[in-house]
Amino acid sequence: MTGCVRLSDRIPEVALGRSSWTAEEETHLRGCADCRAEWALVRAAAALGTRAPIIPEPIAMAAAIQRRLARDRADRRQQRRAWSLAGLAAAAALAFAVWTGRPERSTGVTARDLPAATATQALVPLPELESLEPAELDSLLRMMEAPLVGSSTLDAPTLGELENSELEQVLASWEG
Amino acid sequence: MTPSPAPESPSEPALVAAYRAGDERAASELVRRHASAIGRFLFSSGAPASEIEDLVQETLFRAFRGLDRWRAEASFRSWLFTIAGNLLRDSYRRRKGRRVVTLEDRDIPDPADPHGELAAGELEERVRLELGRLPRLQREVFLLRAQEGAAYEEIATALGTTPGAARVHYHHAVKRLKELAR
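Residue numbers (this note's numbering), protein chains in the order written: chain A, 1 to 176; chain H, 1001 to 1182.
Be a bit skeptical, because a hint or two may be false.
Said to hold, decoys possible - Short derived list, chain A residues pointing at chain H, Cβ under 7 Å:
1. L16
2. L48
3. E57
4. A60
5. M61
6. R68
7. G87
As the list claims (entries may be wrong) - Quick list of in silico lysine to aspartate or glutamate cross-link-like pairs, DMTMM-like style, CA-CA up to 20 Å:
8. K1178/H - E1122/H
9. K1175/H - E1130/H
10. K1175/H - D34/A
11. K1178/H - D9/A
12. K1175/H - D72/A
13. K1178/H - E1130/H
14. K1178/H - E166/A
15. K1178/H - E24/A
16. K1178/H - E1125/H
17. K1175/H - E1125/H
As the list claims (entries may be wrong) - Among chain H residues calculated to face chain A with C-beta under 7 Å, some are:
18. R1020
19. G1022
20. S1028
21. A1035
22. G1039
23. P1048
24. A1049
25. V1056
26. T1082
27. I1083
28. E1124
29. L1134
30. V1168
31. H1172
32. V1174
33. E1179
Everything labelled a hint here was simulated from the structure, so no lab data went into it.
Because the structure is a prediction, the values reported are computed rather than measured.
All C-beta atoms, glycine included, are put in the ideal place defined by N, C-alpha and C.
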């Protein structure tokens, strides 16, 4: 049995013509049907390779492969660039969404959330104010600042919380 | 006059390094050395003769593209065979499991000589047919042994297994192929 294992290990190199049988191996081969079957099989497999179609021009094939590799590299570069651009676009879109989202959050803004002057400009656009003399305007501004800035604004109602009549009163006082 | 010694042909790791450094002649040399062997392997594994050239080119293309994955412990050729084996498996899958071995004119028995002995070519074709039906590892180990004379250690490195397992795969393949050769 040991002879079969040893012979089996030798079969490929003899079949490929890299070595030849020793006298002892030949004797074993003649007397062992199993080893003869394996020998025939490996020789058939080795010969099978010789029936494979011949690659006609390896140099031309190498050139074709190089061309494909160059195209492949270019495609990959393009793909990477596309991904980079997509990433930049996504980042820009995100930044834009964050930026445009800020005013939306201030939709419910109240007078106390803003500096007094900003609140005035934002919530009470009064073109009539433009016709006032500077002294009158100063006086009006001082009056407007008093409830919003001069004292604690913690308890100050927002304009949105005022009743209609109260709102009219405030506006009337601002407009003089 | 003393003849000048023939220049030694560069080793495969040297050729691969040269190719990586931008020497395209190194790629041509690698293709020249291995293209036919890959063709033999693919043909013996059951690939149709008409597709061998394309499959060889695809194997080499994939190899050059993934050259970083080659570990020099396994021979370059064995590594190429594993790529070719993957390619063939993908090809089988695309064909939805159909075997690609086809009968050619010379394989059809001659009705005038129905009792004639199997011609050597016919035995080879039957071996080829049966090889296409073997589990992949058995087929690859067997072909690396029978056509390349690769040692079990080298086969094991190339196929990601152990020399002992490679030996077992080889003997399973031989056992199954013997049954048809009897």
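Proposed interface contact between E1179/H and chain A, which counts if any beta carbon pair is under 7 Å: With Cβ-Cβ at 9 Å, over 7 Å, it is violated.
Closest C-beta approach of V1168/H to chain A relative to 7 Å, hint status: violated (12 Å)
Does A60/A pass the interface check with chain H, least Cβ-Cβ distance below 7 Å? Where the cut-off is 7 Å and the nearest Cβ of chain H is about 10 Å from A60/A, the hint is violated.
M61/A was flagged as interface toward chain H. Is the shortest Cβ-Cβ separation under 7 Å? holds (6 Å)
So, as I understand it, the hint says A1049/H touches chain A; can you test that by seeing if any CB pair is closer than 7 Å? holds (5 Å)
Chain A contact restraint on V1174/H - CB to CB distance below 7 Å: holds (5 Å)
V1056/H was flagged as interface toward chain A. Is the shortest Cβ-Cβ separation under 7 Å? Where the cut-off is 7 Å and the nearest Cβ of chain A is about 6 Å from V1056/H, the hint holds.
Closer than 7 Å between Cβ atoms is the bar; does G1039/H clear it against chain A? Give me holds or violated. holds (5 Å)
Please check whether G87/A passes as an interface residue: C-beta within 7 Å of a C-beta belonging to chain H. This interface hint is violated because 25 Å lies over the 7 Å limit.
Starting from K1178/H, check that the Cα of D9/A is at most 20 Å away, please. Measuring from Cα to Cα gives roughly 16 Å; hence the hint holds.
Are K1175/H and D72/A close enough, with their CA atoms no more than 20 Å apart? Status violated; Cα separation ~44 Å.
With a cut-off of 7 Å, does the beta carbon of L48/A approach a beta carbon of chain H closely enough for the hint to hold? Since the shortest Cβ distance to chain H is 4 Å, the answer is holds.
Hints 3, 4, 7, 12, 14, 15, 18, 19, 23, 26, 27, 29, 30, 31 and 33, counting from the list given before, are not met by this structure.
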